[in-house]
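Novice: For reference, the chains in residue letters:
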Amino acid sequence: MTHAAMSTGQVAAMHAVSARDAHAAIACERITKRFGSRIAVREVSLRLEPGTVTGLVGLNGAGKSTLLRMMMGLTAATSGRVLLRGVDVAREPIEARKGVAFVPDKPNAFPWMRVREVMELCATLQPSWDIETARRLVQQYRLDGTQRVSKLSKGQGAKLSLLLALAQQPDVLVLDEPTDGLDPIARDEFLEEVIRAVGERERLTILISSHALDELERIVDHVALMHDGGIVLHQDAEQLLKRTKRIAAVLDDGVKFEPPGCILTRREGRGVTWTLQDCDERVVATIAQTPGVRDVQSHDMRLADVFKDVVRGMQEREGAR
Amino acid sequence: MNVLWALIRKDWRVVKPVILVGVACLLLPAIMQGTVNAFRSDVVDFPGQTPVMNSSAVEEQRDLFQAAVTIGLSLWCAVCAALGGCMFARERRDRSAELVELLPVSRGVRLCSKVFVMALAAVSAMLVGYVLWMFAGVVWFAGVPVTGMIPPRGLEVMTPLFLIMFIMLGLSWMLSSMLRSEVIATAATFGAVCFFGLLFALVPGPGRYGDLYQWVNSFEWTPVPLTYVLVTLLALAAFVTGCIVTLRRREV
Chain P
1 MTHAAMSTGQ VAAMHAVSAR DAHAAIACER ITKRFGSRIA VREVSLRLEP
51 GTVTGLVGLN GAGKSTLLRM MMGLTAATSG RVLLRGVDVA REPIEARKGV
101 AFVPDKPNAF PWMRVREVME LCATLQPSWD IETARRLVQQ YRLDGTQRVS
151 KLSKGQGAKL SLLLALAQQP DVLVLDEPTD GLDPIARDEF LEEVIRAVGE
201 RERLTILISS HALDELERIV DHVALMHDGG IVLHQDAEQL LKRTKRIAAV
251 LDDGVKFEPP GCILTRREGR GVTWTLQDCD ERVVATIAQT PGVRDVQSHD
301 MRLADVFKDV VRGMQEREGA R
Chain V
322 MNVLWALIRK DWRVVKPVIL VGVACLLLPA IMQGTVNAFR SDVVDFPGQT
372 PVMNSSAVEE QRDLFQAAVT IGLSLWCAVC AALGGCMFAR ERRDRSAELV
422 ELLPVSRGVR LCSKVFVMAL AAVSAMLVGY VLWMFAGVVW FAGVPVTGMI
472 PPRGLEVMTP LFLIMFIMLG LSWMLSSMLR SEVIATAATF GAVCFFGLLF
522 ALVPGPGRYG DLYQWVNSFE WTPVPLTYVL VTLLALAAFV TGCIVTLRRR
572 EV
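Here the protein sequences line up with chains P and V, keeping their order. For the first sequence, the numbering used here begins at 1 and goes up steadily by one. For the second sequence, the numbering used here begins at 322 and goes up steadily by one.
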């Protein structure tokens with residue numbers, strides 16, 4: 001239905017912000033993004049509470065960057081809306097982005113400017129810019145103020161982007177694959193800085209998209225998994241890792257058994273490995289007592305393994321259809 | 322005011338290389354011709370004991386200098402395509418437009434800064450060219466103690482050059498607001514203006530004159546006021562379109 005076809009009441013209802021969304025740091029309401037006939041983001045609804053650190057993971061092309069760019073108002077949603085701290089980013093972009101900072105996958109500061117000049121420009125144009133924080137971070141990140149942005153290494157470029165974001169004293173920090181292409185040491189250093197920022201600002205909400213899942217596991221308290229343009233999982237990270245198990249067992253000949261909550265099954269001879277969601281000791285005990293199922297062993301999983309198994313499971317189900 | 326000033330400084334630096342090239346194009350022909358003029362020995366005759374100004378040589382000097390300034394201004398007009406082309410597309414290509422978009426500055430203010438920088442550069446260059454042109458007329462005309470010399474032409478040559486500059490700036494501004502490549506915006510503008518310029522017969526017909534000297538001396542533009550009005554309107558429409566595209570842009 002178009003705006004013109006709606007009554008005033010319907011339009012008002014559409015723009016009304018629920019109390020939950022108004023208090024959320026970021027709230028996406030059924031946002032979709034189409035590029036021609038291709039759907040990059042499919043009716044995503046996501047709500048991030050203040051003070052949480054959420055990792056957004058997914059395969060290349062899953063729609064993570066598009067989603068983050070829509071959240072920041074850099075890309076227009078085809079339908080749906082994004083609220084940043086209760087304000088619609090499409091309708092009031094400047095007001096909505098107050099207190100929200102963005103770290104892109106590649107530095108977007110003027111490549112021909114010197115680091116010092118970029119900082120001066122941002123300091124003039126950004127009222128919330130904190131000079132002391134910026135100075136401290138320059139020293140901490142060992143950035144040379146006289147160096148041109150285009151001459152910075154990838155690691156330094158990522159740190160400059162983080163500096164430009166943190167010096168704004170944000171309440172919400174959105175990071176789009178900031179460690180992409182960094183060497184392991186630079187990646188570690190970058191994530192240490194993010195962890196430090198979280199420690200320094202208690203109510204800082206972070207949404208970080210990354211492929212470095214082992215590193216991500218260290219800092220996130222929530223995980224959102226994107227697949228084929230949609231959010232297929234959004235959960236507390238600790239709970240997810242606690243309740244997702246890999247169960248190895250041996251099946252007797254002729255036994256065809258798959259436990260409930262199984263997202264991926266791997267067979268090798270008579271040996272079988274199941275990846276189970278919502279798995280606890282009771283479920284493991286039930287499996288062990290199943291006739292024909294022997295040598296049941298339960299293994300904890302890392303975030304990277306959970307991600308891989310969930311995605312592989314979905315791909316297998318899509319392939320089977 | 323600080324915000325606007327910071328943006329103006331930033332936008333100035335975005336187009337500074339183009340402006341420097343443009344200034345060089347504008348001034349070099351005049352400097353070269355002025356240098357040649359300074360070393361000419363046929364300006365003063367010595368028919369007797371008293372030196373006398375050779376009026377035809379002085380007039381020729383003036384005409385050559387004015388022709389050089391005209392060439393400089395024409396080159397500047399060509400550079401204007403790059404000036405407008407860099408205004409938005411360069412920042413969009415290197416993604417620094419995203420950084421600016423995320424800062425709490427309205428698009429209107431950002432647009433004002435760009436308009437100011439472009440207008441300042443364009444008007445300053447044309448003024449410099451015009452002053453040089455008049456300088457040639459005044460200096461060399463004053464140096465000739467003869468009557469009946471044709472006064473230096475000014476506005477009738479400047480008008481079409483201004484028009485070409487307007488259309489170059491307007492079109493490249495519009496294309497720059499739509500594209501992510503300043504090179505394509507510049508090249509497309511240049512190509513379009515040359516193509517339609519020939520169609521509208523804004524430039525003198527090629528081959529009418531035997532050599533450059535004659536061509537420049539007979540510099541007459543097709544006196545069709547309607548063409549001038551149309552070109553001005555077209556330039557304005559392109560400029561306004563570029564502004565609207567920028568203000569209403571949904572994708573950075």
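Just to be clear, a hint being listed does not mean it is correct.
[What the hints assert, rightly or not] Under 7 Å between C-beta atoms, here's a sample of chain P residues computed to sit facing chain V:
1. 75
2. 109
3. 124
4. 195
Hint data in this document are derived by calculation from the structure and do not stem from the laboratory. Glycine residues also receive a C-beta, built at the ideal position from the N, C-alpha and C atoms.
Novice: Now tell me if each hint is right for this structure.
Specialist: We went through each hint and held it up to the structure:
no. : hint : in the structure
1   : 75   : 6 Å, holds
2   : 109  : 6 Å, holds
3   : 124  : 4 Å, holds
4   : 195  : 24 Å, violated
The structure is inconsistent with hint 4 alone, although it conforms to all the rest.
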